[in-house]
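A.B. asks: Here the protein sequences line up with chains C and Z, keeping their order. At position 7 of the first sequence (counting the first as 1) the number is 3 in this note's numbering, and the numbers step up by one without a gap. At position 82 of the second sequence (counting the first as 1) the number is 78 in this note's numbering, and the numbers step up by one without a gap.
Hints were generated in silico from the structure; no laboratory data involved. Since we're looking at a predicted model, the values are computed, not measured. All C-beta atoms, glycine included, are put in the ideal place defined by N, C-alpha and C. Among these hints, one or two may not hold up.
[Claimed, not checked] So these bits of chain Z aren't anywhere near chain C, every CB distance computed over 12 Å:
{"no.": "1", "residue": "Q35"}
{"no.": "2", "residue": "Q39"}
{"no.": "3", "residue": "R98"}
{"no.": "4", "residue": "L103"}
{"no.": "5", "residue": "A106"}
{"no.": "6", "residue": "D117"}
{"no.": "7", "residue": "D132"}
{"no.": "8", "residue": "R134"}
{"no.": "9", "residue": "I166"}
{"no.": "10", "residue": "T169"}
{"no.": "11", "residue": "A210"}
[Said to hold, decoys possible] Residues from chain Z shown here face chain C by an in silico Cβ test under 10 Å; the list is partial:
{"no.": "12", "residue": "I105"}
{"no.": "13", "residue": "A124"}
{"no.": "14", "residue": "V125"}
{"no.": "15", "residue": "L180"}
{"no.": "16", "residue": "C200"}
There are 2 protein chains.
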Amino acid sequence: MTKKRAVVLVSGGLDSATALAEARQAGFECYAMSFNYGQRHHQELEAARKVSRSLGVVKHVVIDLNLRAIGGSALTDDIEVPKHRDEAKMSAGIPVTYVPARNTVFLAIALGWAETLGAFDLFIGVNAVDYSGYPDCRPEFIKAFESLANLATQAGVEGKGRFRIHTPLIELTKAQIIRRGAELGVDFGQTHSCYDPTPEGRPCRACDSCLLRAKGFAEAGLTDAALAR
Amino acid sequence: MTKKRAVVLVSGGLDSATALAEARQAGFECYAMSFNYGQRHHQELEAARKVSRSLGVVKHVVIDLNLRAIGGSALTDDIEVPKHRDEAKMSAGIPVTYVPARNTVFLAIALGWAETLGAFDLFIGVNAVDYSGYPDCRPEFIKAFESLANLATQAGVEGKGRFRIHTPLIELTKAQIIRRGAELGVDFGQTHSCYDPTPEGRPCRACDSCLLRAKGFAEAGLTDAALAR
């Protein structure tokens, strides 16, 4: 029996690595997709490559997309990444690291690839618990995208199947994601979360992403291999 | 009073040129967006530049996006463009020139730009009458995208406004679009519709797009300046 295919968005972070491990665990033949969208640092893409390889994807594509041309985020522009914020500050409003419409764009392109692959399953490691500031990480957004996918595509319209956007992490805390990832064999030493790494590519340990990651590992009672590199 | 901004998708074809003219006519300050997505020919982008300039946009950006990496269409792959088809053939099923999820991708990126510009209005020259084979040109797709836009974005979530996807051509025939464009001062000589131009960049006059265009001009009782170039 041939395996069903899934397209998995892999950013290089620990969430998407765990989402990929879940897709594999669920029996899908995995196609990983990453984006070179004008991030300020390239450690992410290197991490995405390592993670995809070690979790046995069939293919990993990196899509070039110059989101810098439209600006609007500390991740692609010269806006400063906030540091040493407490959780109250992190969860107040939408962070400056928000990239306008990013998940909409990424899912749309993943949908195009899924259609050419004959896949109906997309995996994305969004999470609405620890970091609820991003509008495009919420379940209502995901549901709306799923409806759109079935209207937007030849495959959806012809009724060959129904597209499904899988969000295995959406209700997990960071600690739960880390425990689950470890269980599924994710090598977190290969992942990269920092928004503002040092020139040597090491995590800054002060941005929201580093702080949430450290807290997650502490709560999970595990050591972060990425810090031991 | 400052004008409201709109992001307009401009492909270089006559439909999007007319949509841009409509946006201008409606009083918007227009920001044009085109995509370099691995089309087999570049006349489209040159046409998009000319059209944007002559219709007075504030800015025109071209987004590089290698959709070739995901394949799946005669417009980006080496699949042959069908020629000399009659209308029954054209309207039977989804054409091989369909690019998977293209309008979803284009609208998603336009949405990101709109958000950074503080715009809530997007214009797209889709048309459901003459060429109904594309799933992502239908009103139900547009409505679903509009709902998604308001869930996907900081601007939508914070209720600063409601995103609207304008489709001024959706119910017009090709002849009606041409008449309306002419009325609004579109220079159709600057537009490009052909799926498979000659090496010199002239229209092939045989692909679906050329045939529909020729029929539209004939019905509108106008001469196509692009053929006189």
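A.B. asks: Confirm or reject each hint.
C.D. replies: We went through each hint and held it up to the structure:
1. With a least CB separation of 15 Å from chain C, Z:Q35 remains clear of the 12 Å interface cut-off, as annotated.
2. Residue-level check passed: Z:Q39 sits 22 Å from the nearest beta carbon of chain C, beyond 12 Å.
3. The claim that Z:R98 lies off the interface is violated: its Cβ sits roughly 7 Å from the closest Cβ of chain C, which falls inside the 12 Å cut-off.
4. Remark: the non-interface label on Z:L103 conflicts with the geometry, its nearest Cβ contact in chain C lying 8 Å away (cut-off 12 Å).
5. For Z:A106, the non-interface assignment is contradicted: its Cβ lies about 9 Å from the closest Cβ of chain C, within the 12 Å cut-off.
6. Separation of Z:D117 from chain C is adequate, the least Cβ-Cβ distance of about 15 Å exceeding the 12 Å criterion.
7. For Z:D132, the non-interface assignment is contradicted: its Cβ lies about 5 Å from the closest Cβ of chain C, within the 12 Å cut-off.
8. Listed as a non-interface residue, Z:R134 fails to keep its Cβ farther than 12 Å from every Cβ of chain C; the least gap is roughly 7 Å.
9. With a least beta-carbon separation of about 15 Å from chain C, Z:I166 lies farther than 12 Å from that chain, consistent with its non-interface assignment.
10. The claim that Z:T169 is not at the interface with chain C holds, since no C-beta of that chain comes within 12 Å of its own (minimum 22 Å).
11. The Cβ of Z:A210 sits about 26 Å from the closest Cβ of chain C, beyond the 12 Å cut-off, so the non-interface label holds.
12. Because the beta carbon of Z:I105 sits about 6 Å from the nearest beta carbon in chain C, less than 10 Å, this interface hint is met.
13. Proximity of Z:A124 to chain C is violated relative to the hint, the smallest CB-CB distance being about 13 Å (cut-off 10 Å).
14. Given the 10 Å rule on beta carbons, the hint for Z:V125 is violated: about 17 Å separates it from the nearest Cβ of chain C.
15. Because the beta carbon of Z:L180 sits about 27 Å from the nearest beta carbon in chain C, more than 10 Å, this interface hint is broken.
16. The criterion of a C-beta within 10 Å of any C-beta in chain C is not met by Z:C200, whose closest approach is roughly 24 Å, and the hint is violated.
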